[in-house]
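Number of protein chains: 2
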Amino acid sequence: MGPAPETVTDPGDPRLDPYTRMRERDLVGRAGRFVVEGEVTLRLLLGPRSRFRAESILLAPERWPGLADAVAACPAPVYLAAKAVMSAVTGFPIHRGVLAIGVRGGELDAAAPVPPRPAPALVLGLAGLTNHDNVGAAFRNAAAFGADAVLLDAESCDPLYRKSIRVSAGAALIQPFARLPAGQDWLRLAQTLDLQPLAFSPGAVEPLDALAVPARALLILGTEGPGLDPATLAGARPIRIPMAAGFDSLNVATAAGIALHAIARGQGRLDRAGTVRTGPA
Amino acid sequence: MGPAPETVTDPGDPRLDPYTRMRERDLVGRAGRFVVEGEVTLRLLLGPRSRFRAESILLAPERWPGLADAVAACPAPVYLAAKAVMSAVTGFPIHRGVLAIGVRGGELDAAAPVPPRPAPALVLGLAGLTNHDNVGAAFRNAAAFGADAVLLDAESCDPLYRKSIRVSAGAALIQPFARLPAGQDWLRLAQTLDLQPLAFSPGAVEPLDALAVPARALLILGTEGPGLDPATLAGARPIRIPMAAGFDSLNVATAAGIALHAIARGQGRLDRAGTVRTGPA
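Which chain is which? The protein sequence lines are A and B, in order.
Those letters in the first sequence? Residues 1 to 281, by the UniProt record's numbering.
Those letters in the second sequence? Residues 1 to 281, by the UniProt record's numbering.
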């Protein structure tokens with residue numbers, strides 16, 4: 001059992017310091033900490049697949065009974081404060097009454113989460129994704145389709161930014177990720193990790209649907225406007241997601257979802273349990 | 001050629017009335033009008049595939065030269081106003097300097113955009129989608145994969161809401177859509193339109209990847225929490241998108257994108273132009 005919850009009534013209580021001025025701190029950073037919001041995400045933070053530890057948990061008192069089981073094994077302190085107190089602390093209205101502070105710890109090396117040959121491998125590479133919603137959504141899709149790792153270049157934003165975690169539905173807390181090492185590019189990294197680089201681009205010729213799925217794949221996606229840089233496109237295998245004529249436009253995270261689904265299916269890594277009904281079409 | 005642009009300097013100018021108090025009007029509605037933001041979306045509104053007509057266009061003067069070609073054939077008045085005036089009119093900062101008011105016109109009948117048998121048909125049904133981002137993103141995917149129509153139940157929000165249009169990348173302006181008629185349910189509608197109803201649900205047994213693609217399909221998706229109602233699931237063919245074990249969670253618009261891609265591919269309606277490179281995997 002973790003410690004008994006402590007009730008806090010003063011928004012100025014120093015124990016709640018990491019929860020203060022939440023939006024300002026989103027911009028300036030949290031010195032190795034991040035914020036988790038909501039029950040689903042908190043359960044992932046505290047669960048067996050979490051890559052991070054909780055530093056503290058802040059709940060509205062009415063949320064405590066429903067979460068006591070999830071929190072039981074966690075050694076972090078649990079603070080109970082009315083939603084009005086939580087809102088005064090954070091600086092905006094708290095509706096769900098579930099917050100936590102997590103600790104980042106050290107960053108992973110890019111090679112660490114990628115299984116070595118001859119195991120199959122599925123890695124998502126995000127290039128220049130400066131939108132937190134897109135990064136969060138891409139992580140959600142990576143986790144849903146069982147990617148081994150998400151790699152991000154220096155321009156892509158932080159998966160542990162508050163909004164990224166929320167949009168990822170907590171996937172950012174369980175999905176291994178790493179930064180592209182300084183001085184590395186996607187092609188050299190793919191060579192180092194023994195992955196075939198697939199560069200997704202609307203301008204590519206080869207359609208995803210005709211691809212012989214590689215057993216070890218690095219799926220590289222860039223931003224919707226500029227797309228991937230010419231060197232990456234030239235050195236990788238450019239792949240196009242076939243679309244209808246006249247509206248050749250997919251959100252980058254959705255494109256990642258479709259690409260991950262196709263490659264994961266081809267690699268046989270998706271859940272195939274269940275009886276296939278063979279009724280009339 | 002349309003009329004010459006008229007310069008407006010007074011935020012109180014009555015010609016700009018439809019652009020005032022934009023966020024408040026998002027909530028109360030616009031009496032048969034909608035707002036279009038940004039160049040890509042304006043070009044779709046004015047283009048050959050648009051389902052709607054523009055009532056007026058409001059541009060920052062520096063945007064006029066780049067858009068004069070797109071606006072040339074449009075009979076609606078074009079107003080030029082500095083971004084500071086545009087911001088004063090709308091009530092929030094206007095960065096891109098491109099706005100327009102569109103006219104909804106009459107709503108389509110649900111049957112109108114669905115080609116009759118024996119033509120193949122691909123229709124997306126959205127059930128209870130109360131989030132404007134999800135509706136917009138689903139429209140973007142429907143247009144990208146060439147769906148004939150998007151049908152929405154009474155609970156789903158308006159595809160012509162300002163944010164829905166923006167998130168759809170303008171797809172809401174070209175993608176035919178209609179409301180589920182009052183007193184109809186998805187199953188009766190599918191029967192009327194001679195479509196096979198496929199109900200997407202994480203709890204379904206039959207995986208999407210093993211499905212013999214029906215030539216005429218209605219893909220029904222519900223919200224992430226409650227999902228589809230039991231009657232729809234019981235009467236339709238429930239389909240599951242296979243995922244990795246342990247994180248069985250996709251955003252509803254992403255799930256729609258993956259489902260649309262698979263069915264559109266199976267129906268042979270996607271662009272297959274281009275030479276397939278057959279190099280080593």
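Keep in mind that the hints were calculated from the coordinates and are not lab data.
Hints may contain errors.
Claimed, not checked - DMTMM-like, lysine to aspartate or glutamate: derived pairs with alpha carbons at most 20 Å apart: (1) B:Lys83 to B:Asp153; (2) B:Lys163 to B:Asp26; (3) B:Lys163 to A:Glu224; (4) A:Lys163 to A:Asp13; (5) B:Lys163 to B:Asp10; (6) A:Lys163 to B:Glu224; (7) A:Lys163 to B:Asp133; (8) A:Lys83 to A:Asp133; (9) B:Lys163 to A:Glu24; (10) B:Lys83 to B:Asp133.
Results of checking the hints against the structure:
{"no.": "1", "hint": "B:Lys83 to B:Asp153", "in the structure": "violated (38 Å)"}
{"no.": "2", "hint": "B:Lys163 to B:Asp26", "in the structure": "holds (9 Å)"}
{"no.": "3", "hint": "B:Lys163 to A:Glu224", "in the structure": "holds (18 Å)"}
{"no.": "4", "hint": "A:Lys163 to A:Asp13", "in the structure": "violated (25 Å)"}
{"no.": "5", "hint": "B:Lys163 to B:Asp10", "in the structure": "violated (27 Å)"}
{"no.": "6", "hint": "A:Lys163 to B:Glu224", "in the structure": "holds (18 Å)"}
{"no.": "7", "hint": "A:Lys163 to B:Asp133", "in the structure": "holds (15 Å)"}
{"no.": "8", "hint": "A:Lys83 to A:Asp133", "in the structure": "violated (26 Å)"}
{"no.": "9", "hint": "B:Lys163 to A:Glu24", "in the structure": "violated (25 Å)"}
{"no.": "10", "hint": "B:Lys83 to B:Asp133", "in the structure": "violated (26 Å)"}
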